[in-house]
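So you can see what is in the structure, the chains are spelled out below.
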Amino acid sequence: MEVFKIKISPEVLRNELTTQSYSGFSFGYYSGLSYVLSAGTTNLGTWTVGLNGINPGIFGGSSILAPLGPNTENIYINEIDSSGFNWKSYLLNTKIGSLINITADSGELYQFRIILPPMDLGVDTSLELPVEPVNVTSTIPIGISVNLTITQPNTSQLIDLSVPILFKQDYEDLGYYSPFDGLISQLSEEVNFVFTANTENPFDVLIYNTSISGKTYLQNSTFIVNWGDGTPIENVEVVVPESLIHTYTDIGITTGYTITFTGYTSIGSYVVKKNITLPYSLAPITNPFGTVEFQPGNFSWASTPTSQNFIATYDSENTVADQVSSNFVSVPFIVSGFTESRLEELKIYGPNPYITNLTINLADGTTGIITSQTPEYTAYTINDQSYLDFSAGTSVFVAQSYGLTENTLTATSITKLEYLMNVIDQPIIQSNVFIERGKISGMENFRRIGEINNTGSLSTYGYKFFDVRNYNDI
Amino acid sequence: MATGNYGIVRPADVSPEDVEIVLHYVPSRDQSSNFTLTRLDSLQYLRPYFNNASTGGSDVELLGGLYNMTLPADQFNALGIYTLYFRPAQIRTVINDCGVLSSSPNIKGIIINLQDVPSTYRNKFINQGLVGFRVEYLNDDGTKIPNFYRIITSSFYCEPVTQNLTNTLQKAVRYRYSEGTTNLIFCTLTPSSSPTTRPNATPFIGNPAQNIIITNTFFNPTVVEVEIVEHDASTLAIALYGNQTKSIEDGIYTMYDSDNNIYRQYNLYVIRDQFNELLYEIRQDRINNIDFSKNFQNIITIQ
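Chains as they are written, first to last, in our numbering: chain A, 1 to 474; chain B, 475 to 777.
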């Protein structure tokens with residue numbers, strides 16, 4: 001198996017990386033995957049928890065954090081002396097749902113979620129963050145040192161990447177497919193049964209005891225069936241082709257039952273279980289054409305179809321009527337092309353070798369007729385196929401085809417015969433020996449002159465054996 | 475009489491539905507035991523290419539072979555080695571029954587009930603819809619029988635019938651092919667008949683009630699390894715060839731990418747001893763503590 005290796009770094013994201021601006025500076029810088037992933041997280045540095053000023057809140061820029069706890073509803077931030085960083089401008093743009101993460105040195109995490117837009121208090125550089133505690137069960141102890149980060153939701157700059165890949169298929173086949181009649185019988189089983197039902201009586205289940213009964217050592221076998229619906233166990237005294245019917249109770253909902261079929265034979269007892277679901281219904285086949293929907297894309301993907309069918313019915317509906325060409329094209333249709341002239345075959349003896357509208361019988365039993373002669377072309381028909389010989393020396397044929405018809409197709413079931421592995425064709429006899437009784441013997445050369453009745457046939461017949469030259473060319 | 479086999483390697487035009495994507499992740503190559511395995515939705519992330527005016531063919535015609543695999547950000551979001559394993563989708567079902575062709579008793583097959591097939595894959599269970607599919611077998615304890623499989627050579631709807639045979643010692647015909655849709659599919663398998671050298675040896679094709687895995691053979695399984703790295707050649711080139719500034723006053727050394735975004739920022743300083751002898755020259759990464767006043771455009775427009 002081939003392995004394709006790809007190395008990707010976040011650099012490929014450069015063009016897609018969006019930046020946030022505050023205080024006139026670009027914030028969403030990056031330098032490697034770590035930065036891309038943490039693009040939505042802002043580190044507010046290390047703080048000390050203490051009782052300083054109004055509770056609850058954060059005061060003194062980067063110094064003092066109030067002891068927040070389970071009942072905290074607002075966090076106040078004053079950015080004075082906050083390392084020269086304009087937190088207020090940044091925090092005013094934080095989204096609802098952002099998480100304020102306060103991590104103690106001990107590793108304990110206190111999280112508060114912003115639930116309303118941050119409010120500018122209009123006093124100096126203070127603002128209010130309405131929050132709700134997230135699983136905060138205790139108040140942050142006074143005197144400890146904590147680290148503060150704010151994570152905005154859905155701000156990771158990482159986007160879906162994509163890589164092209166190659167799928168290939170090794171197709172190999174060997175063996176010989178042979179016709180068969182399509183009848184199926186059961187594999188040898190000492191104990192077995194099959195069941196059937198129909199949608200007309202969806203609660204009637206027929207079982208057929210298909211256990212082998214012809215073998216001498218199985219003659220005294222007995223069989224019982226447990227229908228799985230609480231009804232008494234029943235003796236099965238019939239063998240196929242007779243069946244045993246059981247009518248289940250309609251309880252109003254689709255119910256599964258397990259039919260347990262037990263056979264007691266001279267070589268032991270066997271149990272066969274099969275599940276049925278009633279009322280009996282045909283299994284619904286969804287998406288019969290294997291349609292796959294694709295999300296519309298942008299740019300180069302825009303012209304990509306939005307769906308594709310991946311299941312074709314060409315094999316599944318393989319009756320003759322489904323395969324004839326008239327299903328697919330209007331018939332007859334014209335088939336035309338260049339060919340060699342066959343006008344010589346319509347040549348007759350005499351001063352005027354080509355006569356219009358004179359039907360000529362040809363050697364192969366067909367007929368031909370010249371329909372038109374003009375200085376530009378000669379039109380003629382042989383065996384209902386039209387030919388045109390042009391003065392420039394080219395010839396074309398024009399025929400009407402019906403493609404595959406019912407007469408040319410035969411429906412036959414086939415299967416692969418294992419013992420003819422490596423054999424792909426039926427035996428055929430190849431021979432170039434022709435014997436025409438009463439005319440020539442098998443020892444003579446290949447000359448069937450008796451079938452030739454005009455000069456055209458003489459030139460084209462017999463694998464070019466006869467070298468016929470036109471008098472005018474000599 | 476021709477002998478031999480025939481075949482070809484072709485670009486696959488498999489449906490994304492028939493592809494199963496298994497994602498294997500390890501943070502680094504020395505942590506092979508610390509891996510995670512998960513499955514990705516191929517319908518969501520795998521898309522075939524189609525032809526266009528340049529490649530010939532209409533724009534609704536599958537190009538064949540070439541597919542686009544999306545690497546979702548919710549999975550590919552950490553450094554490490556991601557191994558994408560593309561294998562044919564597995565259809566897990568159970569053998570309803572086993573049978574043989576009455577006209578050719580050496581040809582056996584399995585019967586599958588469509589009710590036992592996941593609804594997603596039932597559309598494959600049509601006449602000849604399973605040709606070429608592979609059948610693998612499970613033991614009763616759920617283990618898979620290794621290195622053992624059969625190939626489906628035909629599949630047709632069938633139905634149980636009660637047909638009498640004149641010879642009572644002969645088994646009756648139990649199934650026949652059905653023109654209409656039924657819930658049962660009869661699949662012939664290969665190899666299923668005895669080899670000529672051992673006519674009494676019967677190849678195993680499965681047992682009734684045995685769990686099996688049916689997989690398509692529309693494409694060869696393949697593996698793509700994607701390594702997410704912190705830096706690659708392009709990002710390293712930023713450090714080599716990108717714009718840079720060094721602030722003499724505060725010693726902040728800034729690197730810029732090709733769009734003049736701040737890429738990295740360092741503090742440059744020296745450490746001296748008590749005799750003012752130079753001990754170290756330091757370059758220290760400022761990490762998140764970026765001084766945005768070192769915007770490249772701002773700096774070069776000062777003069």
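Keep in mind that the hints were calculated from the coordinates and are not lab data. Be careful, since some hints might not be right.
[Said to hold, decoys possible] Using C-beta positions, here's what the derived DEER-type ranges look like:
(1) 529(B) to 371(A): 44 to 50 Å
(2) 537(B) to 383(A): 41 to 47 Å
(3) 530(B) to 250(A): 57 to 63 Å
(4) 529(B) to 384(A): 38 to 44 Å
(5) 398(A) to 678(B): 56 to 62 Å
(6) 43(A) to 713(B): 30 to 36 Å
(7) 371(A) to 530(B): 39 to 45 Å
(8) 230(A) to 678(B): 45 to 51 Å
(9) 132(A) to 732(B): 39 to 45 Å
(10) 386(A) to 531(B): 30 to 36 Å
[What the hints assert, rightly or not] Among chain B residues calculated to face chain A with C-beta under 10 Å, some are:
(11) 490
(12) 589
(13) 600
(14) 602
(15) 658
(16) 722
(17) 725
(18) 753
Computed from a predicted structure; not experimentally measured. A virtual CB, placed ideally from N, CA and C, is assigned to each residue, including glycine.
Results of checking the hints against the structure:
A hinted range of 44 to 50 Å holds for the C-beta pair residue 529(B) and residue 371(A), which are about 46 Å apart. Under the hint 41 to 47 Å, the C-beta atoms of residue 537(B) and residue 383(A), about 44 Å apart, fit the expected range. Range check, residue 530(B) to residue 250(A): about 60 Å between beta-carbon atoms, so the 57 to 63 Å window is met. About 42 Å separates the C-beta atoms of residue 529(B) and residue 384(A), a value consistent with the hinted range of 38 to 44 Å.
Remark: the range hint 56 to 62 Å for residue 398(A) to residue 678(B) is upheld by a beta-carbon distance near 59 Å. About 24 Å separates the C-beta atoms of residue 43(A) and residue 713(B), a value inconsistent with the hinted range of 30 to 36 Å. The supplied range of 39 to 45 Å is met by residue 371(A) and residue 530(B), whose beta-carbon atoms lie about 41 Å from each other. Evaluation of the 45 to 51 Å hint for residue 230(A) and residue 678(B) yields a failure: the beta carbon distance comes to about 37 Å.
Range check, residue 132(A) to residue 732(B): about 43 Å between beta-carbon atoms, so the 39 to 45 Å window is met. At about 34 Å, the beta-carbon gap between residue 386(A) and residue 531(B) stays in the expected band of 30 to 36 Å. For residue 490(B), the interface hint holds, the least distance from its beta-carbon to any beta-carbon of chain A being 6 Å, beneath 10 Å. The beta carbon of residue 589(B) is positioned within 10 Å of a beta carbon in chain A (closest approach about 5 Å), and the interface hint is therefore held.
Because the closest C-beta pair between residue 600(B) and chain A is about 4 Å apart, less than 10 Å, the hint holds. Using the Cβ-Cβ criterion of 10 Å, the hint placing residue 602(B) at the interface with chain A is satisfied: the shortest such distance is roughly 4 Å. Annotation: interface hint on residue 658(B) holds; nearest CB of chain A at approximately 9 Å, less than 10 Å. The interface hint given for residue 722(B) is broken, as the beta carbon of that residue sits about 20 Å from the closest beta carbon of chain A, more than 10 Å.
About 16 Å separates the beta-carbon of residue 725(B) from the nearest beta-carbon of chain A, more than 10 Å, and the hint is not met. Contact between residue 753(B) and chain A, as hinted, is not supported at the beta carbon level, the nearest pair being about 28 Å apart and thus beyond 10 Å.
The structure fails to meet hints 6, 8, 16, 17, 18 from the earlier list, while all remaining hints are met.
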